[in-house]
Amino acid sequence: MKASFPNLGYDTYALKTFIEDLGAEVILAPPTSRRTIELGAMHSPELICMPYKITLGNMLEALELGADTLFMAAGARKCRFGYYHYLHERALRSLGKKCRFIPITQYSPLEFVFKMMPDIFGVSPLRVVRAVAKLLTKSRLTQEFRQYLNRKRATDFDGAEKVKPKALAVIERAHTLGQIEAARGEVRRMFGVLGTVPVRGQSPGTEPQIRLGLVGEIYFMIEQFASQEIEKELGKMGAEVVFERSLYRHIRHLLFSDPAFVRSGRLAHRYLEESPGGEAIRTVGEAVYFRQQGLDGIVHIFPFTCMPENIALEALQKLSEETGIPVLSLSFDEHTSRTGLLTRLEAFVDLVKRRKLGRRLHRN
Amino acid sequence: MKVGVPRALLYYRYGRFWEEFLTGLGAEVVFSRRTDKVLLQNGLGHVSSEVCLPIKIMAGHLEELAGQVDVIFLPRLMWLEDKLYACPKMIGIVDIARMMLASAAPVGQRDGRVRLVAPKVQGSLWLPHFRAGMELCHDPVRVVRALARARRFLPAHDRVPDFPTGEKRVALIGHFYNIEDDFISRPMVDTFTGHGYRICTKDELPGSVLRSRQGFARKIRWVYERELYNAFRFLVDKVSGVCVIVSMGCGPDSLVAEFMREEAQQRDVPFLQLVVDEHTGTAGIVTRVEAFLELAERRRARASACRLKIGGQGKAA
Chain C
1 MKASFPNLGY
11 DTYALKTFIE
21 DLGAEVILAP
31 PTSRRTIELG
41 AMHSPELICM
51 PYKITLGNML
61 EALELGADTL
71 FMAAGARKCR
81 FGYYHYLHER
91 ALRSLGKKCR
101 FIPITQYSPL
111 EFVFKMMPDI
121 FGVSPLRVVR
131 AVAKLLTKSR
141 LTQEFRQYLN
151 RKRATDFDGA
161 EKVKPKALAV
171 IERAHTLGQI
181 EAARGEVRRM
191 FGVLGTVPVR
201 GQSPGTEPQI
211 RLGLVGEIYF
221 MIEQFASQEI
231 EKELGKMGAE
241 VVFERSLYRH
251 IRHLLFSDPA
261 FVRSGRLAHR
271 YLEESPGGEA
281 IRTVGEAVYF
291 RQQGLDGIVH
301 IFPFTCMPEN
311 IALEALQKLS
321 EETGIPVLSL
331 SFDEHTSRTG
341 LLTRLEAFVD
351 LVKRRKLGRR
361 LHRN
Chain F
1 MKVGVPRALL
11 YYRYGRFWEE
21 FLTGLGAEVV
31 FSRRTDKVLL
41 QNGLGHVSSE
51 VCLPIKIMAG
61 HLEELAGQVD
71 VIFLPRLMWL
81 EDKLYACPKM
91 IGIVDIARMM
101 LASAAPVGQR
111 DGRVRLVAPK
121 VQGSLWLPHF
131 RAGMELCHDP
141 VRVVRALARA
151 RRFLPAHDRV
161 PDFPTGEKRV
171 ALIGHFYNIE
181 DDFISRPMVD
191 TFTGHGYRIC
201 TKDELPGSVL
211 RSRQGFARKI
221 RWVYERELYN
231 AFRFLVDKVS
241 GVCVIVSMGC
251 GPDSLVAEFM
261 REEAQQRDVP
271 FLQLVVDEHT
281 GTAGIVTRVE
291 AFLELAERRR
301 ARASACRLKI
311 GGQGKAA
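Protein sequences appear in the order of chains C and F.
For the first sequence, the positions run 1 to 364 when this note's numbering is used.
For the second sequence, the positions run 1 to 317 when this note's numbering is used.
Be careful, since some hints might not be right.
Unchecked claim - Using 27 Å as the maximum straight-line C-alpha spacing, the simulated DSS-like pairs for lysine-lysine come out as follows:
1. LYS134(C) with LYS16(C)
2. LYS97(C) with LYS219(F)
3. LYS115(C) with LYS37(F)
4. LYS164(C) with LYS98(C)
5. LYS98(C) with LYS232(C)
6. LYS83(F) with LYS115(C)
7. LYS219(F) with LYS98(C)
8. LYS120(F) with LYS219(F)
9. LYS115(C) with LYS2(C)
10. LYS2(C) with LYS16(C)
11. LYS115(C) with LYS353(C)
12. LYS37(F) with LYS2(F)
Hints listed in this document are in silico derivations from the structure and should not be mistaken for laboratory results.
Turn these sequences into a full structure, and let the hints steer you where they fit.
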């Protein structure tokens, strides 16, 4: 079996290790590019949201490289994500692609471990549990890597970009649990982080000017290409991007062990009494949390016409109105212009910086 | 007590029911005026530009009501039977309304805020409506009586309409809140009827058809999308063309319309997808509908020519 799956930002490597652990050969889709999006959009319904187009493009490109089995996550009821795989499968069939298409339904860990994975790969549930444990460890490592990277970008952008490929190579190489732990130490060393708990403000020069909270739709939070590498651009402008959503957190959530999920629900309740599906509750909850943590602004990213996030957008506007925290909501599709995006980001970062500086001056 | 009901979204299905129910509670029921350009423009200011047209219209209606009434009655439909969910925006509109009303209390009324009564419908209508009724009039007997009286106004069709042969028919597939809102659907409806077509919509079909779980419909977990799809399946071989109205930014429709398009193509039925938003001009719609009708006309002519050739044994309409 030559398995492949749509890219998922830095977590692609974690998923690769996971499938390899289950005994399949993995062919990674080429890094997402303009071509991926164009390929995907060409075979997609006009009005569907962007993650569909990118993931379809990823799959088509993976098939070109010789993959014969495709994995795709499938979501729940209220959001369009739950229907992606029907359309994906149809699109692949109508293009005459011969491959096995396997939608992985989430939200049922027991079925996943005891039925779905053993059936597909012919392995014992124990092996699946081990693989999941490793997936958790590795995705936690990528999450940590992203945090360090974002922090370093804000103060030393060139240095951070130089370390990034090296650190990614280290992460990619780590296969066993021991190696992953070793890689964690290595990554920390590379980014100059001391101790187990990252310490803020170790020396005066390392404190970023402003800190922005990134919230939004999970695919956009994880896959950097989709949001046109917004974390990188904000880092370049001297803002540290703080995020909470990641593959690690998501898996924890699926295993019913993510305390942040409960917290988000509690904090968001003031704005959204019922979940409109997708991740709206988390988006709002995290934004409220970030404000409580004293972050300077919120950046909200989501695909164009995303239903739950549009509801979240209204709640974030309300949050901004009530508390005065600046919120920038950005929706993306394949036509989003980079220049336009950069201008908006620059203006926003400028505004946040001025506000912060002004407040400091006022206090003195 | 004045209770306002916005004339948008679910009003088009449960409006009569709510009117009777609220009147039974002793409230004075105020409906917002019919959708028009001004109302829509007012609504645009309250919601993001990306939400779909019906939500923008709803925002306009809410704004209009906010100045006139004491209570706004806006049930939140979570899911109906079989755990079929409403779309995220329909669930979220209540929260949007709450935030809107809190911040945009009209001038001169800042002290007396408009109260929002939003019973949460999960599966059954009765319990949430009973609770909402208690919130409004505190008299359980009266609430139950009002509900019992309002009951017959619930939409119920149990008869399959006739489809006589030789009649020109077209299926207009779209959400009831789009089709029954004249502001959105007037140009299409007028063009179709002007050309002598009978319009078949999903709302004249019996529930047994709409709620069917045959085929792909079983996998659709949005309550109104399943109805749309079932209506499409039911009507597709009884009409000479299918016209689907999708509001720009409607997530569920963007998916389900795609499945319908594919199926219509397979069956060689003319298919027109009209995407509407607040910028849609009447002229553009009329042109497209006319072109579509011409196509349907030609197909009909061709089909009847074929039928004559093989001795009148064509596909029965």
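Hints, verified against the model:
no. : hint                     : result
1   : LYS134(C) with LYS16(C)  : holds (11 Å)
2   : LYS97(C) with LYS219(F)  : holds (24 Å)
3   : LYS115(C) with LYS37(F)  : violated (55 Å)
4   : LYS164(C) with LYS98(C)  : violated (37 Å)
5   : LYS98(C) with LYS232(C)  : violated (38 Å)
6   : LYS83(F) with LYS115(C)  : holds (25 Å)
7   : LYS219(F) with LYS98(C)  : holds (24 Å)
8   : LYS120(F) with LYS219(F) : holds (24 Å)
9   : LYS115(C) with LYS2(C)   : holds (21 Å)
10  : LYS2(C) with LYS16(C)    : holds (12 Å)
11  : LYS115(C) with LYS353(C) : violated (52 Å)
12  : LYS37(F) with LYS2(F)    : holds (25 Å)
When each numbered hint is compared with the structure, violations occur for hints 3, 4, 5 and 11.
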